[in-house]
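Chemist: As given, the protein sequences belong to chains A and B, one line each in that order. Note that our numbering has the first sequence beginning at 57, numbered continuously upward. Note that our numbering has the second sequence beginning at 8, numbered continuously upward.
Because the hints were derived from the structure by calculation, they are not lab data. A couple of the hints might just be wrong.
[Stated by the list, open to error] Listed below are the simulated DSS-like cross-link pairs for lysine-lysine, each with C-alpha atoms no more than 27 Å apart in a straight line:
(1) B/186 with A/231
(2) A/184 with A/209
(3) A/188 with B/186
(4) A/147 with B/186
(5) B/366 with B/272
[To be verified] Facing chain B, a subset of chain A residues (Cβ under 10 Å, in silico):
(6) 155
(7) 170
(8) 204
[Said to hold, decoys possible] Anything over 10 Å on all C-beta distances counts as not near chain A; from chain B, calculated:
(9) 35
(10) 73
(11) 115
(12) 154
(13) 192
(14) 263
(15) 274
(16) 299
(17) 348
(18) 350
(19) 358
(20) 370
(21) 388
(22) 389
(23) 400
We treat Cβ as the ideally placed atom computed from N, Cα and C, and that holds for glycine.
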Amino acid sequence: MSELAMDTPIDRSAMKVSDEVAIEIRNMNKWYGQFHVLRDINLTVNRGERIVIAGPSGSGKSTLIRCINRLEEHQAGQIIVDGTELTSDLKNIDKIRSEVGMCFQHFNLFPHLTILENCTLAPIWVRKVPRKEAEETAMHFLEKVKIPDQALKYPGQLSGGQQQRVAIARSLCMKPRIMLFDEPTSALDPEMIKEVLDTMIELAQEGMTMLCVTHEMGFARQVANRVIFMDQGQIVEQNEPEEFFNNPRSERTKLFLSQILGH
Amino acid sequence: MSDTHAETVSYVRETMLPQQEPPASTVGPLGWAKTNLFSGWFNTVLSVLSGLFILWLAYRLLPWIISPTWQATSLNECREIIGALNKPHGGACWGVISERWKQLMFGFYPPEHYWRPVLSLILLLVALGPLLFRHLVPAKVIYFSMLYPFIAAWLLWGGTIWNPIVAILGFVIIGLSLKFLTSVLNPALALIIGVVLAVIWWVALAGTVAGGLSAVLPIGIEAIASRQFGGFMLSITIGVTAILCSLPIGILLALGRQSDLLLVKAMCVGFIEFIRGVPLITLLFVASVLLNIFLPPGTNFDIILRVIIMVTLFASAYMAEVVRGGLAALPKGQYEGADSLGLDYWQSQRLIIMPQALKISIPGIVSTFIGVFKDTTLVSIISMFDPIGLSNAIRADTAWNGVYWELFIFIGLVFFIFCFSMSRYSMYLERRLQTGHR
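With the hints as extra help, turn the sequences into a complete structure.
Modeler: In structure tokens, the structure reads:
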């Protein structure tokens, strides 16, 4: 847990939540073989919302957001992203994946490509953007995450924090409407967590719809408009951050918060 | 805590130490010998013993190898020369190499046409340029590489120039149908239609068209039958074709083995396990003897082509397993990274997965290549004249009856040159593709 992100005061004025629905999940269930990982998930995310999903390990929070771009398949219920329902139709899946950006715990950059190539690959091949234009966009976003000078290096030559910021830039190059973060700071040294969180805060200030699985409660308090607590594959509690942290209702949430904030 | 103690504990470095030269005993030739040859008494003893062994080998072998028999024209003549020298261990009879090296290279290919295989070998090196040294050779050379198989086949086997041209037309048909049908049909279906059209062209029409054209415009070079091929030329023809075809087929088999489609998966697994479970010699016998029984009478299915197909299938099965090893070594995150960006299956395979999986499998792939190339000597079993088969043929001549070592040493040396260069190339490629992610 880090409170580093609390240092900078942030401007919440641009973080507007619209009425338009970005993601709708209805009675979604998922099993791994016999094991019921996600049970009756109902969740509506409006455009512009910043949602932090917290919970103990094994509670299904990563699985939940990985269902949203179909890295995991759900077996019952509906997931509708930007008006398109996720079914086994490969065309819809690729369309949704190109609209939904994702950052992983272990970055998953492509080690055989340079930073710039990592960022231009998907726009060139999926969006059919001309190479030159794709490179300009890539440099724009690399500047935004403050590493334009590393563009010609390979991922293996960068620090963890820099790699995660490249991963964010790579997703942004596809101009996604929704960003998913799967524990983006869990594999980082404490010194590097702040640089990644700062990038995410900046993104939130621009009004990006974000779903973040994270243990950074400082970030949740500062940026999120809603915190969701999961346990045993279910949504146990969701609330605005102030209420969630100061006045948790369920016993499980209280226990979790006392453990995560207690040191 | 006392003041003095506090003083010793609190410490701030004000000047950073400059970098210094390493001790002299760890650098230079002396340092190298010390760390690599004489580190500790056990290693020193080992180094001295191996040094003595190498000296002993050289002492026994060199007198045999350095033998003035290059001019001899028969084994008996060699024996006279060596007998006159009165050496304790005898000597090699190199006359057989100087007299027969051309035959070891080209088999029974007519000597006045030796320029054709030599030219195809030179062109092969040009055609491989863009594949092997991508950053050094202009990218446009790849068009020549695509034409090369047809040029080489025409140079080696000869005949009318219209044969390779109608063969190329078949591929043009596939290309055109892909280009025009993909806009209305799904690409896989367009490909199937293109292939079917091309096969109809090759089987039913191409022969007649080539015949007709050569009757009107008889341009060509003398045709040479497959039975006249031999020596390293034969090994290289079979080896290079099998190597170049086995890699793409092996990749497809490896992907098929991972497929979610049960039927595709079962077919790939069945093929791989069957081929790996059968000795190559068995497959070669099938190619040389059995296929003729099953094919309709009168079909002339070239023996070299049959052997190439069998060796390619054999190599592909092994290649598939090597590539599968590389695929298994890739972290799952790479697939997810590619998926999350919206790349489709073939895009992510081509751009993300294969470049990394193949790089991991380079040592295994090149080992398989080297194995395939050496396995081409097995065609001597089905009485084709590869270098080993030729060595038997040479011994059948009374002048050279009884020559073994010199021929095998020469053949071994030439094979070693080819295989060693492949192995060095693989190491170069690994170094060049290193992007420091491990």
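Chemist: So which of those numbered hints doesn't the model satisfy?
Modeler: 1, 8, 17, 18 and 19
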